[in-house]
Amino acid sequence: MSAKRIPQQLVLETATALMARAAIDIPPDYKQALQQAASQETENLSCFVIKTMLENYDVAEKDRRPMCADTGLPRFYVKAGNEAMVEGGFVALEHAVREAVVRGTQEIPLRPNRVHPLTRKDNNNNLGIHAPEIEYTFEPGGDWIDLITVHKGGLFGTDYRMLFPGDGIDGIKRFFLDTMASFGRRGLACQPAIIGVGLGGNKDTCMRIGKEAACLRVVGDVNPDPEVARLEQELKELGNSIGMGPMGFKGNTLVVDCHVEVAYTHTGGMPMSIHSFCHSSRRAAARIYSDGRVEFRDDPQWFTDFYRREGI
Amino acid sequence: MSQMRVVKLQVPVSQEDVDKLEQGDVVYLTGTLYTAREGVYKKVLESGDELPVDIRAISNVNFHCSPAASPNTEGGYDVGAVTATASFRFGKWMKDWFDTSGAKIIIGKGGMPEEAYREVFMPYGARYLSTVGYGAGALLGRGIKRVKDVHWLEENGIAQAMWIFEVEEIGPFIVDNDREGNSLFVNHERAVNAKLEKLYEGLKPPALKRYGETTSRADEVIGEPDNTPIQIVNVMPYQGSDKK
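Taken in order, these protein sequences are the chains called A and B.
Per the numbering used here, the first sequence starts with residue 1, numbered consecutively.
Per the numbering used here, the second sequence starts with residue 313, numbered consecutively.
Note that these hints are calculated values from the structure, not bench results.
Treat each hint with caution, since some may be false.
Stated by the list, open to error - Derived DSS-like pairs: lysine-lysine, alpha-carbon spacing no greater than 27 Å straight-line:
1) B:Lys320 to A:Lys51
2) A:Lys51 to B:Lys507
3) B:Lys457 to A:Lys62
4) A:Lys250 to B:Lys507
5) B:Lys457 to B:Lys320
6) B:Lys516 to A:Lys236
7) B:Lys521 to A:Lys203
8) A:Lys173 to B:Lys507
9) A:Lys236 to B:Lys510
10) A:Lys51 to B:Lys457
11) B:Lys404 to A:Lys121
12) A:Lys121 to B:Lys354
13) B:Lys320 to A:Lys62
14) A:Lys250 to B:Lys320
15) B:Lys404 to A:Lys203
16) A:Lys31 to A:Lys236
17) A:Lys62 to B:Lys460
18) B:Lys332 to A:Lys250
19) A:Lys31 to A:Lys4
20) A:Lys236 to B:Lys460
21) B:Lys507 to A:Lys236
22) B:Lys521 to A:Lys173
23) A:Lys173 to B:Lys510
24) A:Lys250 to B:Lys510
25) B:Lys516 to A:Lys250
26) B:Lys516 to A:Lys173
27) A:Lys51 to B:Lys332
To be verified - According to the in silico footprint, chain B covers these stretches of chain A (three or more CB under 8 Å from chain B):
28) 54-64
29) 248-259
Note that CB positions come from ideal geometry on N, CA and C, so glycine has one too.
Hey, can you work out the whole structure from these sequences and the hints?
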């Protein structure tokens, strides 16, 4: 029996709802981590900033207004079960997602951030060439579609470097330290934040998995590879030993959590990317089933065993 | 956590009130404030366009921001959240803007280099207030009571238009520069820099250098570098940069 087709309208409604949830409701894992940070922070100003941020999340939820006025650059992650079908096909799904960006921008409202890089032309709806970014992946077995929305800022807190095998773990730590120390100053990277690190792949893969590590894994989640998990822990501790808190003020709360994702890479290289998610960690996820059920959830569950598979 | 000093000010702010502000004070503002960033500065200060409104008569607080705003059914605009944009990009326009607008308070993200405070802000008795945590847009949005007016919306777009807001206890903001032009951010950076050397111990720089790469992470990220002496071990000599 073939699966029912997921209505295009349902994709549109779900995507629009996700846009609002992501912009307004801080994910519970992140909020809890910040509450803990607030109780552990010993520096006056840093503590004041974190508490103000927590208050801001409450106001955002209460007033149903975005937690940050730079509502970021909307992006979508789509995971489709292998048996899933959308009414009108995947072109229709993409159409619905793009329409949701226009609706969300107007109704929530979000700030139109997307302009043409040269002419600075602004459609005032966050749409444009390659905007929003939509990434796809597939999972065996299911007849559902996962929609994940991320509103991420785009100016600071991302860097890439081609390291080499000889640079080793020390080189990784060095680049991490360099990046955190410079981007944390004056709070330009909007920390405290979840830091995502991409290791390996080629340059574009490295950037992609690093961003996914920052935006699609929840606080406390650990990479299943023990070597990678140990690096995650070491980098988190290193970041928090810089002595910097939010806004570059003295403190010990720069890194809320560090997630590392790896991809097989060129034998001679060790590319590395670093992505600081905003301290307004804006993500929301939902699964749309073929029978019309929509399940909102906090964990995007993007990194599955299948997604990280090594063999055929 | 010890208490921080909270100051509530009426806008337009008097010079006397501005002078009383101390570094690290938490400030809330009531009255009228406006947005002006590169779009406005370019039009007024470079293209010589007339300001669409007598800004001196209305407000002396310039917010480096662009709101998430949408038209409402009454023909006005609703503003959900507001937060600041990074101010260092506007440093080159500030002197002329103080002359033209009479601004006494600049609100934004990240502050300005100390040189800018000393050379440009101090002669005008002006202060820089930083938004808190930068992402606290809902809190600040609550402080905006209504959009009084918006200018150059068609031409500049929502982000770069000149928005005039009526605000009530909008905040919190943190005072960055003191009367001598010292920056709170820079004070804290110096403290952080003091620890950096130890962290870099044993971490060799990567095999491949990037063009013009600085080897000192103690440098300020905006404007001129901080001159705090810091020696980093195991680092190749710094060669080739346009930085002085």
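Discussion item. Please check whether the region 248-259 of chain A has three or more residues whose CB lies within less than 8 Å of a CB on chain B.
Written reply: holds (count 3)
Worksheet item: Are the Cα atoms of A:Lys31 and A:Lys4 separated by 27 Å or less?
Response: violated (38 Å)
Worksheet entry | Pair hint outcome, A:Lys51 versus B:Lys457 [Cα-Cα no greater than 27 Å] | holds (24 Å)
Worksheet item: Are the Cα positions of B:Lys320 and A:Lys62 separated by 27 Å at most?
Response: holds (24 Å)
Item to complete: Mind checking the alpha carbons of B:Lys404 and A:Lys121 for me, to see if they're no more than 27 Å apart?
Response: holds (24 Å)
Worksheet item: Are A:Lys51 and B:Lys332 close enough, with their CA atoms no more than 27 Å apart?
Response: Since the Cα atoms of A:Lys51 and B:Lys332 sit roughly 26 Å apart, the hinted pair holds (cutoff 27 Å).
Item to complete: Quickly compare the C-alpha distance for A:Lys250 and B:Lys507 to 27 Å and report which way the hint goes.
Response: Given that 27 Å is the threshold and the Cα spacing comes to 11 Å, the pair holds.
Worksheet item: Counting residues of the region 54-64 of chain A that have a beta-carbon nearer than 8 Å to any beta-carbon of chain B, does the count reach 3?
Response: holds (count 6)
Worksheet item: Given the proposed pairing of A:Lys62 with B:Lys460, does the C-alpha separation stay at or below 27 Å?
Response: Roughly 25 Å separates the two Cα atoms, so the pair holds.
Discussion item. Just to be careful, I want the Cα atoms of A:Lys31 and A:Lys236 compared with a cutoff of 27 Å; is the pair within it?
Written reply: With a Cα-Cα distance of about 18 Å, the restraint between A:Lys31 and A:Lys236 holds, given a limit of 27 Å.
Fill in: Hinted pair B:Lys320 and A:Lys51, Cα distance within 27 Å
holds (19 Å)
Discussion item. For a C-alpha distance cap of 27 Å, please report whether A:Lys236 and B:Lys510 respect it.
Written reply: This hinted pair holds, its Cα atoms lying about 17 Å apart.
In the structure shown, a violation is registered for the earlier hints numbered 15, 19, 20, in ascending order.
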